[in-house]
Each structure stands twice: as structure tokens, then as C-alpha cells.
Amino acid sequence: MKKTENEENEGLLVRRIKNGTVIDHIDGGEALNVVKILGITGTTQEALSIATNVPSRNMGCKDIVKLTNRELSKEEVDRIALISPRATINIIRNFKVCEKKGVEIPSLIVGIVRCPNPGCISNTNEPIQSKFAVLPKGLHCSYCDWVITKDLTSYII
Amino acid sequence: MSFESAMARLGGTSLSVGSVEACSIAKGETLADTIRVVSGYADAIVIRHPKEGAARLAAEFATVPVINAGDGAGQHPSQTLLDLYTIRQSMPIDRIDVALIGDLRYGRTAHSLASALSLYNARLHIISPKGLELPATLAADLREKGMEIVEHDDLNDVICDVDVLYVTRIQRERFPDSASYFNVASSYRITPELLAGAKDHLIVLHPLPRIDEIDPRVDELPYARYFEQSRNGVPVRMAMLMRVMQ
Numbered sequence: 001m002k003k004t005e006n007e008e009n010e011g012l013l014v015r016r017i018k019n020g021t022v023i024d025h026i027d028g029g030e031a032l033n034v035v036k037i038l039g040i041t042g043t044t045q046e047a048l049s050i051a052t053n054v055p056s057r058n059m060g061c062k063d064i065v066k067l068t069n070r071e072l073s074k075e076e077v078d079r080i081a082l083i084s085p086r087a088t089i090n091i092i093r094n095f096k097v098c099e100k101k102g103v104e105i106p107s108l109i110v111g112i113v114r115c116p117n118p119g120c121i122s123n124t125n126e127p128i129q130s131k132f133a134v135l136p137k138g139l140h141c142s143y144c145d146w147v148i149t150k151d152l153t154s155y156i157i
Numbered sequence: 001m002s003f004e005s006a007m008a009r010l011g012g013t014s015l016s017v018g019s020v021e022a023c024s025i026a027k028g029e030t031l032a033d034t035i036r037v038v039s040g041y042a043d044a045i046v047i048r049h050p051k052e053g054a055a056r057l058a059a060e061f062a063t064v065p066v067i068n069a070g071d072g073a074g075q076h077p078s079q080t081l082l083d084l085y086t087i088r089q090s091m092p093i094d095r096i097d098v099a100l101i102g103d104l105r106y107g108r109t110a111h112s113l114a115s116a117l118s119l120y121n122a123r124l125h126i127i128s129p130k131g132l133e134l135p136a137t138l139a140a141d142l143r144e145k146g147m148e149i150v151e152h153d154d155l156n157d158v159i160c161d162v163d164v165l166y167v168t169r170i171q172r173e174r175f176p177d178s179a180s181y182f183n184v185a186s187s188y189r190i191t192p193e194l195l196a197g198a199k200d201h202l203i204v205l206h207p208l209p210r211i212d213e214i215d216p217r218v219d220e221l222p223y224a225r226y227f228e229q230s231r232n233g234v235p236v237r238m239a240m241l242m243r244v245m246q
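The listed protein sequences correspond, in order, to chains E and R. For the first sequence, the positions run 1 to 157 when my numbering is used. For the second sequence, the positions run 1 to 246 when my numbering is used.
Chain R on its own, in the form it takes in the complex (with noise of 0.2 Å):
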């Protein structure tokens, strides 16, 4: 919906063809034929879909620019610019302690965002429900690129040091039984208490929506960071979109 907002507001229109399943590839459409057909109609494609690597493809298939909007446990880099963008209001980004907590291993925001903070000298926090860590590969090509990977079991070891916490929700489905959710999730809440000991200048992050990662209590803290995030999402995607069309 962002990006149809940013269209809006530089004075295009959009049309969406909305999910995967409403379109006609669940008609049996491959996405290369889909991707030929809209570049005929649109000036630029914005695609979010369930498999890793197809805005990748859609940029093979496509005669117009194309911007990932989300490649199923992949990555999705406008929402990472907004990020950027989030973390730079607050404080400059060179060199600071970023924690991501949550689903590590199909949460896409954080893997670009991982990404993106290694180019910045950014030290990274994890903390992650076993069996949901950040993907091997990724990690290592982060250590690869010089940054700092710091594994935690408990937030409560690490709130006290970090400059941002990138808070990412944990799916239901990654688990077995709704009684092993329940327990995970419940560990990884982020409420007022946990972030007594924080730094004056701790920023509170999410990619949203939220289930129950962040108590309601949180919003009204001055970290809470998360709505303000979501409306950069606006101006960010404008200029994206400004851009590849140029």
C-alpha cells in the first residue's frame, strides 16, 4: 500500500494486480509472462512474491525498471532504505550497535537490513528462537565484509549496549504446536521493564504489522520508533520510485 501511496503522490497511478493468487498466474501463468505483459502497461513494476529470487527474474523478463518489494524469506530492500532513513533521523549510522531480535532466518527486512548495516560499520546483535537464526550463508558473508556478529540468547544481556533494536515477528506457523508459539514469543516481548536499563537514546524498530512482539505499554515511550518508521515508507518509495523512472 506504500507504494501505491508514493504513486499517488507523485501524481501517477497505479495498478495493482494484487496477491499472487488473485492474478492470473494462479490461472497456471508463468510470472516471466506476467512480467512481460504488465511492462506494457506500467512504467515501472513493484513486486512482492512468495519466492526468493523473483524480482530478480522479473528484471530478466521486464522492459521497464522493476523494484523488489519482497521475495518471500529473501530480502526487501525499500523497506531497509526506510530503515536507513528511520535510524538516520535519530543518529548518525556510522559505527553503531544495531540488535535484531525475532524470526532471523525467513525475515527478510532483516536480512537486507543486515546487509546493508555492513556497509556502515555497524556492530549486530541477534537474538533468535532456535532453529530461526540468521541464515549461515548470510552470516558469513557479513564476517566476510569485516562486521561484527554478536549471538545472544537474551535481549536482557545486550538492551543496555545497542543503539537500535530491530524487532521482527515471529510467525506462528515456523512452529510445531501453538503451545511452543505461546512459549517462544512470550520470551521475545519487548515491554517497559525490558527497556528500563536502555540508552537515552535507543530507537525501537519494526518492519510491522506486529502480533505481540512489542507490548502496546511500549508505544508510548519516546524508543518507539515503529509508526514513524511506517511513514517514512511514503517519502523513501516516492523517491525510489522518482528514480528509476528518471
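The following block holds chain E by itself, in its conformation from the complex (with noise of 0.2 Å):
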């Protein structure tokens, strides 16, 4: 079947890749918090492709991240599910999609999100991470009992 022009140039502004993990789906102007939830920073060693506001049927737009060499755990992806609950992470090996995959909402998140409370004790130098549990009204600190219903990404540690 031939490619449409958005497919094509979408082939064009992200190579596909050999061993890794393609993070597809995410929803568009999210893909630079997904690889902070991630804890991938310039520092780390992995080949890092980002691709945002691309044109998706479904989406209107999408964000995409591509990660060489490195196979996320579920763990690691079900935090994506905070900021975007319909990306889907396919592990790619010798260039084949081996396994492809929602993300679910975990029921605890540690370690993620920082305490909007000033007042919290996971705001201190405390050995402890932050730690809240997902409810529908939000993100509640298991600490504080603070509770997160809105930009999130702006509590990202």
C-alpha cells in the first residue's frame, strides 16, 4: 500500500531502529515530560529520537519517542500512563516489533512526582521518596494527604 505524505515524512523525521523501544501514541506535546517521567537525560547513554505533533489519523497529533538499545520495563512504562494513558510501547529487536504494549495507571507511584506542600516531610532530606496513590480525584501523598488534581507534569522530580 503506498505511504501517505505524512507517513513518508514521518519516516523521514524518525529512522526506525535496530534494538530498542519505540514509545508511540503519546498524546502530542508530551513527549519531552515522557522522557523526563523516564529519568532520561542528556547524561544517560541511550540514542534518543523524539518526534512531536505529528500527524496521526486517530490523534490529531502524537508525540513519539525512540529509545536505541535500551527495553523498558512494565514499570517504567505504566508511569507514562500519568501523562499519557494511550501510548503504547513496542520493543523493537533486530528491527521486528518482538512485543507491543499498553500502558496502565499504576495504583502507587514512588519517586516520580514531587509534594506540591511545602509543608510535606518528603520535601525534606528525609531517605525517603515521595510516594502517592492514584485515585480518580488525582494523586494523593501518602504522606501528607495532599492531593494533585491538576499539571502534573510540573511536578515531575
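Be careful, since some hints might not be right.
As the list claims (entries may be wrong) - Below are the DSS-like pairs computed for lysine-lysine, each with C-alpha atoms no more than 25 Å apart in a straight line:
#1 E:K18 <-> E:K36
#2 R:K27 <-> E:K150
#3 E:K150 <-> R:K145
#4 E:K18 <-> E:K150
#5 E:K150 <-> E:K137
#6 R:K145 <-> E:K137
Claimed, not checked - Using C-beta positions, here's what the derived DEER-type ranges look like:
#7 E:Y155 <-> R:D157: 47 to 53 Å
#8 E:N53 <-> R:P209: 56 to 62 Å
#9 R:M91 <-> E:T149: 24 to 30 Å
#10 R:T13 <-> E:L32: 45 to 51 Å
#11 R:Y41 <-> E:N125: 20 to 26 Å
#12 E:S73 <-> R:G28: 34 to 40 Å
#13 R:C23 <-> E:N58: 54 to 60 Å
#14 E:L32 <-> R:K130: 35 to 41 Å
#15 R:R172 <-> E:G28: 48 to 54 Å
#16 R:G40 <-> E:F95: 33 to 39 Å
#17 R:R189 <-> E:E75: 37 to 43 Å
#18 E:I156 <-> R:K130: 30 to 36 Å
#19 R:G28 <-> E:S56: 34 to 40 Å
#20 E:N53 <-> R:E144: 34 to 40 Å
Read the hints as simulated data drawn from the structure, not as lab findings. Virtual Cβ for every residue (Gly too), placed ideally from N, Cα, C.
Reassemble the complex: the two chains are provided individually, in unrelated frames, and hints are given to aid placement.
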């Protein structure tokens, strides 16, 4: 089947990878937050490709993140669900998709989000990580009961 | 001090580390380390700490039971147990009208009491200065549990309807200057005149210490139960200590 112009452009934007992980169907504009939530910085080893606001039939526009030579674990990818619940994860080995899975919102997130409450014990030098229960109303701090209902990405550590 | 009194009356002893500023934490030790050390010295830990969630952190690191005796602007559950006990001495708690007045934002005793009252189908009347209202997330939680919460600008509007008037201290440091503090504090002062139209069985509670929130003339009225409430802290805390060490 002949590729559309968009699909051809997408191919130019984000090259195929031999081994690693492709995170597709990220909500448009959230790719950088996804990278942040995965703890990938300029100092880590992975070769990283990011495409943002790629036209998508189903989503209008989407972001794509490709990581070479690193296969993300389920625990890692589930964190992404907090900001992009429609994301899909493709594990690539020798240019072939070996696993394809969606993301599930975890019931507890640890060490990912900072509590917005300046009076919370988790914002001190204690040897603990922030801990939030994921509830329908938002993220509930397991220490001080603060609930994050909006602007989640601004609290990502 | 009431926990120390409770422990003494149970025949035990207590080791006080005093304020956070006075113990190893002031030297840079983490609370986690302090708790691990104290766990080796005592059969239970009672903690009051300026940070919210400190007692939960302590419970993670302790090898003995931990009782939260107040964590920042968070919760004060032992106070709530004695508040409920004091109310219960005067009336059944079910379906009563309770007015919370004062600093409801930072007042941890109000937070814990409001949460507990939601289990008793109580109706909550809240009266607080602007900026010191009950935290929105707590209010939403209580409403989700089915609690009716009514906000009032003036205690006079509701004093005839309430069974319990729970007064909390308005702290001076919450205001930009002394003038605005005195202005607000005076409009939240409980006086015999204000209580003239109250129900006969109304009780006035206060977690103490009070500053100017309650006119000393109220102390002589049958409504005043705050010193009795304070005394109740000892048997209630004795019961708590017994329970956690059984």
C-alpha cells in the first residue's frame, strides 16, 4: 500500500531503530515530559529520537519517542500512563516489533512526582521517596494527604 | 504533657526529647534516624512534628508503635478522640450540628475532628477568616463521604442551631500585620452575649491554648467544656497507650 505524505514525512523524522523501545501514541506535546518521567537525561547512554506533533489519524497529533538499545520495563512504562494514557510501547529487536503493549495507570507511584505541599515531610532531606496513591480524584500524597488534581507535569521530579 | 501524664498514670515512664530544635535533628540528623534510635529505647513513640506526614514517616522506620500527636498543619488524631469523648459525655454524637470556627486551614485539630465527625452523620458549619478556610481537598473529601458542610460569614447566623461550638486559635503569624490580626481576631471572639441565643445543651470546646478567642467570662457559663475537654486528654491517651502496647 502506498504511504501517505504524512507517513513518508514521519519516516524521515524518526528513523527505524535496530534494537530498543518505541513509545508511540503519546499525547501531542507530552514527549519531553515522557522522557523526563523515564529519567532519561542528556547524561544517560541511550540514543534518543523524539518527534513531536506528528499528524495522526486517530489522535489528531501525537508524539513519538525512540530509545535505542534499551528495553523499558513494565514498571517504567506504566509511569507514562499518568500523562499519556493512550501511549503504546513497542519493543524492537533486530528491526522487528517483538512486543507491543499499552500502558496501565499504576495504583502507587514512587519517586516520580514531588509533593506540592511545602510542609510535607517528603520535601525534606529524609531518606524517603515521594509516594502517591493514584485515585480517581487525582494523586494522593501518602504522607501529607495533599491531592494533585492538575498540572501534574509541573511536579515531575 | 498530657501523654507524659497518661504514661505516668499507667505506671510507666517517658523519655522526652523536647522540641525538634532541642534534639539531634537540630544537628542535622534525619527524623528517620532519630526514630530508628528511639525505637531501641522505648516501647512506643509519641511524635509531634512541624512537618505534615512526619508521623507516617516515623511509622515506616520505627520498630515500635507510633502515635501521631500532631503533624504540622496536618492531623491531630489523639485530640480528636478526646474531643469525641467530651462530646459523648454531653450528647449522642450522631446527627449533631457542629460549628468549627477560627483557623481551619492550618488548624490540625479541626481537620481531624471534621474527618471523624463525617462518620457520625454530623452537619458541619464552618466559619473562618478569608484565607484560613478549610482546605478544599479536605472539604471535597468530606462532601464525598456524604457530610453536609455549610459555610457562614458570621457565627451569629448559626449559633442558635449548633450543638457543639469548636473554637480554634487564629495565629498572629498568619496575618501581614498586627492590625489586620486584631481586626479579624476580634470578630471571631466568643462572648456571653454571642451565646445568649444558643441551645441549652450547647457545649463550647477549644483544643487550648486559647489567646483571645474566648472571653474569660464564658468560663463561668455551663456551655464551657474546654477545661474538662483538656482533662479528658489524660484518660483518652492512657487508653491509646494501653491499646498500642498490648
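Structure versus earlier hints, numbers of those that do not hold, lowest first:
2, 4, 7, 9, 10, 16, 17 and 19
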